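Construct the entire structure; sequences and hints are all you get.
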Amino acid sequence: MNTKEFFALAKERGISEAQFQSSSSKSLSVTIYEGEVDNYQVDNTHSIIACGIYNGKFGSARSEKTTKDAFPFLVDGIIKSASLNEKVEAVSLFAGSEKYHKKNVLSKSLATTPVEKKIGLARYIEKRIREHGENLTQIEVTYSESEEQSEFCNSTGLKLRERGNYFVISASLGAIDGETVRTSYELAFGNELETFDPDEFVARVIKGVLSKIGASPCETGSYPTVLKNSVFSRLLRYFIGAMSSEEIQKKSSYLEGRLGDLVASRKLTVEERPLDKNIFFSFFDDEGVAKTNKTLIKRGRLQTYLYNRETAKKDGVSSTGNGSWAGSKMGISSSSIVVKPGKRPFAEMIAPIETGVYITELEGLGTGMNSRSGNFSCQAQGFLIKNGKLDRPLTLITISGNLISLLKDIVEIDSETELLIQGVSSPNVLIKKMPIGGI
Amino acid sequence: MISKTLALSVLNQALATGADAVELFLEDTVSESISLDNGKVETVGSKQTYGAGLRLMKGLQSVYGFTSDLSKKSLLNLASSLSASFEGTRLISVSSFKANKVKVINKITDHLLDVPAAEKIPFLKDLYEAARSVDERIVRVTDSFACDFTKTVVFYADSEIGSIIKNTEERGRISMMALAAENGKIETARESPGAYDGWSFFTKKIDAKSLAVKTAETAIKFLNAKECPSGRYPVVIGNGWGGVIFHEACGHSLEATATAKKMSVFADSIGKQIASPIVSAYDDGTIPNMWGSNNVDSEGRATQKNQLIKDGVCVGFLVDRFNARRLKMTPNGVSRRESYRYEPTSRMSNTYIAPGKDKAEDIIKDTKLGIYVTNFGGGSVNPPTGEFNFTATEAYIIRDGKIEEPVRGCTLIGSGKEVLMSIDRVADDLDFGVGQCGSVSGSVPVTVGQPTIRISEITVGGQGGKLE
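Protein chains in written order, with the working numbering: chain A, 1 to 439; chain B, 440 to 907.
These are computed hints drawn from the structure, not numbers from a lab.
This structure is a prediction, so every number in the text was calculated from the model and none was measured.
Ideal Cβ placement from N, Cα and C applies to all residues, glycine included.
A portion of the hints provided could be inaccurate.
Within a straight-line C-alpha distance of at most 25 Å, the following computed DSS-like cross-link-like pairs (lysine-lysine) qualify [to be verified]:
#1 251(A) with 653(B)
#2 443(B) with 512(B)
#3 665(B) with 408(A)
#4 277(A) with 340(A)
#5 57(A) with 87(A)
#6 127(A) with 497(B)
To list a few chain A residues with every Cβ distance to chain B over 10 Å, as calculated [claimed, not checked]:
#7 3
#8 123
#9 187
#10 303
#11 352
Structure (structure tokens):
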């Protein structure tokens, strides 16, 4: 899209500084059900976020129109937004960081592999799962992929661009368990299809669902609790959300005034690593600031808050490259997160536990978490741990706690780290005790 | 948004390889949002959602594509790439369109986008003042007003004469959050009334100021509340937002999305007793100006009042056009989607348990030891197992028939099959609450409703140990 006309119109209407970000994506999704293509989806979409400074105030607007018809709407939106907002004077737009750590993460092989081969892969997985036996039911295998591109330019002359692609293969299925059905959902992702092992995936899917046969609740009580990496990473994301300098400045975070303090067990070290070469790679934020790898929690101590340019100016520090659109304002978010693994594998970590609980899935965390207080309570599934080993499967239990005390109560972190779809690379984590609701 | 001639070309291109039905959905939505943080306008956002979704059906297969580029080239490319996924020869050529008349059930005279933002801001500032002045411990209040106006056009053809259905939708919603803090403790409370209605709904039909005060009072009340106990207890669920339990425990499992492929505990339940005989339930997209209502669904079919449960017996599903094929049932005006980016499917609109004969106060009086929940954050369900959860944001202990101390951090979980059969009291005080429901076709506005009910026993999760 020719953005010159946008900048010209913005200038003509009195917008002193302007910024234009466009993102486009091309995606494909194919679902196989009972051996047939059950659903096939393609898309090609664009979206624009434009912002600028008008009479010293910041304003923004969005559109999905791909033609220059969108420009008057965007310019009007910026002026309306800037004229009515009552924030203090806007921070001027960014002229660029000294250095950008650009990498090419677009997989050519994924982009050029024929669609038929990708559908064939999904068919193969579905067939292999179906062949396993009649007690498996409701098998759906989906192959999806997306290629995304984002472009950034502003009136200071800063221009940035990044591209990436990835695939996600998922399987959902049920296993008949008497009068009920146990369901399971597994996925694999990446951007090099060559490294994906469909047979290993099928084995994982089948093992996952069959391990739930016979699940029931445990007794209500307080148990030593192991959180599976995917569960821990979801909880950790909320804790990192509380590091937002905006929330700190607005007195809405439990981490206010805690910089340098011990906020978690000394076993916990967490880094933000947006520059690691994986599908979550990103080298600039929504303000055009270069992203960097940095430590957030070092041996339990809080190392930094997360800043955009506006909140950084307020605290007299530099942006940490965490500026991120939150609706129509520049908010704060984190990129790829890495939890430092421990030394012992899972089996050794749980060996000393006489009676405990291993939580593998959470349901309803979105509503069960109060992100401001850190209190949470939600539905969970997992396994009972008896005499140092996984015992029977658990379902219809609840898990509750508070994020601050949960992180302080970390007893051990195992060595079995995994990069998860949440953009977190995490091992499994043992918590001293957690309240579990059951029967 | 596009000419009939172009629509005709797109549909015919899509039908070239033997699809037996085709639907082109066009959307142009303008949204405005105004957010205040501690009484100061923080953002005024404008957004335009614009694009097309194209769906082809052939027997029990469907293919879907969408684009934000409505040029001839882009739409014909989309039609070609989707039709290429079928192998066959043309069954249908569309020659013309007939316009279907849309009955307007949601009449609005004072359109939300016609009210200048400068007029909405003082209204929001008043709400802030009302909430903030409740107590010094209210350290932060955010409130916002978001509204959108959507124009849609559906071109549909399964024979030579296609149909055109034009519709408009308009909704607005206030969101208020009060944050109370004391000695390092933080608690929040929220209220978010919304409607498919005009500006006078917010300024006259509801008392938004009282709601702002209530929000702040709730945050204060729960700041020092004890943690909710855990275990299995009788639970009385208050009217209005309490209906989220039916939405999760049963509603999703009656959507054809789940029942068509037997991915629901209620897949074979029509004609069977699935709830206590005192329970009857409906999904009704025709209630004028209600948040979840619409003139037509996303396929262009008129919305209707669908009974789902009659005296405990399952009497119907929510059926969209595509899943109707597998179920061999008639679609009933419930196909919905967040935007053109989603293929539509069966979804709830305004779903509620019908009023019974009991009195709410008698239900409390007759409960010796249990939990009373009156407000909710939302929940989720896994339809194949029927296992669901929902979070109570306002809960109290009931002892000897009296409502006593508030408790926080409360989650209720159960299986739909068991819980519906465990409803042992239904009061006569039906009320509604509004929310957003997320599922395969995106996030759509829904209303949940119920009178006060009691569940004889359900699992409660919290950090507070056993209930005494």
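So which hints don't hold here, by number, going up? Going through the list in order, the structure violates no hint and respects every one.
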